[in-house]
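Colleague: Those protein sequences? They're chains F and U, same order as listed. According to my numbering, the residues represented by the first sequence are 1228 to 1340, in order. According to my numbering, the residues represented by the second sequence are 152 to 266, in order.
A couple of the hints might just be wrong.
As the list claims (entries may be wrong) - In silico DMTMM-like pairs for lysine to aspartate or glutamate, Cα to Cα no more than 20 Å straight-line:
(1) F:Lys1327 with U:Glu195
(2) F:Lys1269 with F:Asp1311
(3) F:Lys1284 with F:Asp1258
(4) F:Lys1285 with F:Asp1311
(5) U:Lys175 with U:Glu165
(6) F:Lys1242 with F:Asp1311
(7) U:Lys229 with U:Glu162
(8) F:Lys1269 with U:Glu259
(9) F:Lys1295 with F:Glu1253
(10) F:Lys1327 with U:Glu162
(11) F:Lys1295 with F:Glu1283
(12) F:Lys1284 with F:Asp1311
(13) F:Lys1269 with F:Asp1306
(14) U:Lys175 with U:Glu259
(15) F:Lys1269 with U:Asp208
(16) F:Lys1327 with U:Glu254
(17) U:Lys229 with U:Asp207
(18) F:Lys1269 with U:Glu195
(19) F:Lys1298 with F:Glu1283
(20) F:Lys1232 with U:Glu195
(21) U:Lys175 with U:Glu162
(22) F:Lys1298 with F:Asp1280
(23) F:Lys1295 with F:Asp1280
(24) F:Lys1284 with U:Glu162
(25) F:Lys1327 with U:Glu169
(26) F:Lys1327 with U:Asp181
(27) F:Lys1285 with U:Glu254
(28) F:Lys1298 with F:Asp1258
(29) U:Lys219 with U:Glu165
(30) F:Lys1269 with U:Glu169
(31) U:Lys175 with U:Glu254
(32) F:Lys1295 with F:Asp1258
(33) F:Lys1327 with F:Asp1258
It should be emphasised that the hints constitute simulated quantities derived from the structure, not laboratory data.
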Amino acid sequence: QQQVKQSPQSLIVQKGGIPIINCAYENTAFDYFPWYQQFPGKGPALLIAIRPDVSEKKEGRFTISFNKSAKQFSLHIMDSQPGDSATYFCAARGVTGGFKTIFGAGTRLFVKA
Amino acid sequence: DAGVIQSPRHEVTEMGQEVTLRCKPISGHDYLFWYRQTMMRGLELLIYFNNNVPIDDSGMPEDRFSAKMPNASFSTLKIQPSEPRDSAVYFCASSPNRGASGELFFGEGSRLTVL
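Generate coordinates for the entire structure from the input sequences, incorporating the hints supplied.
Modeller: Structure below.
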C-alpha cells in the first residue's frame, strides 16, 4: 500500500522555536520526498525536497532529515516565524506503480509572535 | 510566467447537478494531476495524465467522476450527478517530465459546495 503517515496533526510553537514534523513511509520504491507548504486559500507549493541517497538537506531555515533504513523523514524549521504559520505536507513519489505523488495528512503549524 | 490556472474558483450547486472544473497547466509540462482536498481525507490523487493520456485513474471515487485532457493546455474534471459528499477543494497540478525534479505546481483550487 502506498501510504505516507504524518505527525503531528497540529503544532503550536513560540517564535524562534524549532517545530519538527515527522513522516514515515512503507514503499521502498519511492524515489523523491518533497515537503509542501500551503497557506489558506492557496494551493500547496514545494518547500524543499530530498532523494533517498542523501541523509540531510538544508535550504535556508528548513532542513529535511532522512533515515532510509527506518523509512522515516522529518522537516525542521529553524528560528520559526509567524509567517511560517501554514499547513505542511510531506509526500513521496514512486517510480513503480506510476509517476504519482502521495501526500501525508498534513500538519497545521501555528507560530506565536 | 503564468502558473496553473483553474476555474471556477468557487462553485455552489445543488445535488444532482453536473459540475465541470477546468484546468490550464503550465506550458511545456508533460504531466497533469487532479487532487481533491478535504479535512477528513487530506489530499487525494484522483487521476493523472502524461502527454494528454490518462495513466492512472484508480483514485477516481466513482463512475460519477470523469476527467479528460483533449490537448496539452486544457483538462476538465466532471462530476455528474453531484452529491453533497463531493464538497471539497479540487486542485489541478502540473509537472515537467519524469527526468526532472518531480515538483508539482498547483493551481489555487476550485472550492466545490454541493447542497
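Colleague: None of the hints should be skipped; say for each whether it holds.
Modeller: Status of the hints after comparison with the structure:
For the proposed pair lysine 1327 (chain F) and glutamate 195 (chain U), the alpha carbon gap of about 11 Å is at most 20 Å, so the pair holds. In summary, the hint linking lysine 1269 (chain F) to aspartate 1311 (chain F) is supported, as the alpha carbons are separated by about 14 Å, within the 20 Å threshold. The suggested pairing of lysine 1284 (chain F) with aspartate 1258 (chain F) holds, with an alpha-carbon distance near 15 Å, which does not exceed 20 Å. Taken as a hint, the lysine 1285 (chain F) and aspartate 1311 (chain F) pair is honoured in the structure, with Cα atoms around 16 Å apart against an allowance of 20 Å.
For the suggested pair lysine 175 (chain U) and glutamate 165 (chain U), the alpha carbons sit about 26 Å apart, so the restraint of at most 20 Å is broken. For the proposed pair lysine 1242 (chain F) and aspartate 1311 (chain F), the alpha carbon gap of about 10 Å is at most 20 Å, so the pair holds. Proposed proximity of lysine 229 (chain U) and glutamate 162 (chain U) is supported: the alpha carbons are some 13 Å apart, at most 20 Å. Between lysine 1269 (chain F) and glutamate 259 (chain U) the CA atoms are separated by roughly 5 Å; this keeps the pair inside 20 Å, and the hint holds.
Between lysine 1295 (chain F) and glutamate 1253 (chain F) the alpha-carbon distance is near 11 Å, which keeps this suggested pair within the 20 Å criterion. Between lysine 1327 (chain F) and glutamate 162 (chain U) the alpha-carbon distance is near 27 Å, which puts this suggested pair outside the 20 Å criterion. Distance check on the hinted pair: lysine 1295 (chain F) and glutamate 1283 (chain F) sit about 11 Å apart at the alpha-carbon level, within 20 Å; holds. Taking the CA atoms of lysine 1284 (chain F) and aspartate 1311 (chain F), the gap is near 19 Å; set against the 20 Å cutoff, the hint holds.
Distance restraint check for lysine 1269 (chain F) and aspartate 1306 (chain F): the Cα-Cα separation of roughly 24 Å exceeds the 20 Å cut-off, and the hinted pair is therefore not satisfied. A C-alpha spacing of about 12 Å is found between lysine 175 (chain U) and glutamate 259 (chain U), which places the hinted pair at or below 20 Å, so the restraint holds. Pair hint lysine 1269 (chain F) plus aspartate 208 (chain U) does not hold up; C-alpha atoms about 25 Å apart against a cutoff of 20 Å. Distance check on the hinted pair: lysine 1327 (chain F) and glutamate 254 (chain U) sit about 11 Å apart at the alpha-carbon level, within 20 Å; holds.
This hinted pair checks out: lysine 229 (chain U) and aspartate 207 (chain U) have alpha carbons roughly 16 Å apart, not beyond 20 Å. For a cut-off of 20 Å, the pair hint linking lysine 1269 (chain F) to glutamate 195 (chain U) stands: about 16 Å separates their Cα positions. Taken as a hint, the lysine 1298 (chain F) and glutamate 1283 (chain F) pair is honoured in the structure, with Cα atoms around 14 Å apart against an allowance of 20 Å. Using a Cα cut-off of 20 Å, the hinted pair lysine 1232 (chain F) and glutamate 195 (chain U) holds, with the two alpha carbons roughly 14 Å apart.
With a C-alpha separation of about 18 Å, the suggested pair lysine 175 (chain U) and glutamate 162 (chain U) falls inside the 20 Å cut-off, and the hint holds. At most 20 Å may separate the alpha-carbon atoms for a hinted pair to count; lysine 1298 (chain F) and aspartate 1280 (chain F) meet this at roughly 12 Å. For a cut-off of 20 Å, the pair hint linking lysine 1295 (chain F) to aspartate 1280 (chain F) stands: about 8 Å separates their Cα positions. Between lysine 1284 (chain F) and glutamate 162 (chain U), the direct Cα distance comes to roughly 40 Å. Violation of the 20 Å bound is thereby established for this hinted pair.
The straight-line distance between the Cα atoms of lysine 1327 (chain F) and glutamate 169 (chain U) is roughly 28 Å, outside the 20 Å bound, and the hint therefore fails. A distance of roughly 13 Å separates the Cα atoms of lysine 1327 (chain F) and aspartate 181 (chain U); the hinted pair therefore holds under the 20 Å criterion. Restraint check for lysine 1285 (chain F) and glutamate 254 (chain U): the C-alpha separation of about 17 Å stays at or below 20 Å, so the hint holds. Distance check on the hinted pair: lysine 1298 (chain F) and aspartate 1258 (chain F) sit about 12 Å apart at the alpha-carbon level, within 20 Å; holds.
Restraint check: the Cα-Cα separation between lysine 219 (chain U) and glutamate 165 (chain U) comes to about 23 Å, which exceeds 20 Å; the hinted pair is violated. Between the alpha carbons of lysine 1269 (chain F) and glutamate 169 (chain U) the distance comes to roughly 25 Å, so the proposed pair goes past 20 Å and is violated. For the given pair, lysine 175 (chain U) sits about 17 Å from glutamate 254 (chain U) by alpha-carbon distance, which is consistent with the 20 Å threshold. Between lysine 1295 (chain F) and aspartate 1258 (chain F) the CA atoms are separated by roughly 11 Å; this keeps the pair inside 20 Å, and the hint holds.
Our distance criterion of 20 Å between C-alpha atoms is met by lysine 1327 (chain F) and aspartate 1258 (chain F), whose separation comes to about 11 Å.
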